[in-house]
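Engineer: First residue of the sequence shown? That's 1 in the UniProt record's numbering, and the numbers climb one at a time after it.
Derived by calculation from the structure, the hints in this document are not laboratory data.
A quick note: this is a predicted structure, and the numbers were derived from the prediction, not measured.
Heads up, a few of these hints could be off.
DEER-style ranges, computed between Cβ atoms [as the list claims (entries may be wrong)]:
| no. | residue 1 | residue 2 | range |
| --- | --- | --- | --- |
| 1 | Val18 | Gln193 | 40 to 48 Å |
| 2 | Pro179 | Arg115 | 20 to 28 Å |
| 3 | Leu128 | Ser159 | 34 to 42 Å |
| 4 | Arg148 | Gly170 | 22 to 30 Å |
| 5 | Lys11 | Pro56 | 36 to 44 Å |
| 6 | Pro153 | Asp25 | 44 to 52 Å |
Every residue, glycine too, gets a C-beta built ideally from N, C-alpha and C.
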Amino acid sequence: MTRSTRGQYAKSARRRAVIAGAALDLIAESGHVDLSLAKVAAAAGVSERALFYHFPTREHVLVAALELADQRMADDLGSRDDSDLGDVNDVVARLARRSPEMLWRTRLTVYLNARAQEVEHPAHEYFLRHNSAAISSFANMLRHRQHRGLAHPDLEPESVARRLVAVWDGLQSQWLVDPSFDLAAEINAAFRQLSGQNLMEAKSAFEQALA
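Full structure from sequences and hints, please.
Structural biologist: Put into structure tokens, the structure is as follows:
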């Protein structure tokens, strides 16, 4: 790759980042439903033709905005090693609390998650990566807790993690329709039940009572 080509790629990446950032700001302000590419182009300071060069459809822009939101959330939460998570219940609760706090992001996630069932949709590849990363992270959390006696030792981590991701997605969808329940509390309760934490805590309390 020549220096000129590398420069063009870097310029293109910067332009894409600016457009994604502009879209994200508009979505955070007014939601994704009425987002138009004309508004995004104006906010990004580019022509609609330039926007279409980088993002062929509105759905591509929405996916790019969600990816940027993910990155900002990860940066905000801080990088943590899955094998050294401390109180994982706190981690799950912190993540879950972001859904009500960032309603626009939750709505965008649920919308694109539904569209991701279409293999040709740009959200399909995004959610393949997103779900794989989430399952891997939760599985590592569970292994760590199994070693510490805080999760049932007979559980298969990847299977439990996949179920937790499914429960999380389902609860988010329910909460958008009926926000009367505590979403973070329900997700945290699901993690405790799926990981066997309630059972292990009861077992530990029983053993301590006998000691």
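Engineer: Evaluate each hint against the coordinates.
Structural biologist: Hints, one by one, checked against the model:
For Val18 and Gln193, the Cβ-Cβ distance of about 44 Å falls inside the hinted range of 40 to 48 Å, so the restraint holds. In this structure, Pro179 and Arg115 meet the distance hint of 20 to 28 Å, their C-beta atoms being roughly 22 Å apart. In this structure, Leu128 and Ser159 break the distance hint of 34 to 42 Å, their C-beta atoms being roughly 18 Å apart. Judged by the Cβ atoms, the range 22 to 30 Å given for Arg148 and Gly170 holds: they are separated by roughly 28 Å.
Judged by the Cβ atoms, the range 36 to 44 Å given for Lys11 and Pro56 is violated: they are separated by roughly 19 Å. Between Pro153 and Asp25 the CB atoms are about 47 Å apart, so this pair conforms to the stated range of 44 to 52 Å.
Hints 3 and 5, counting from the list given before, are not met by this structure.
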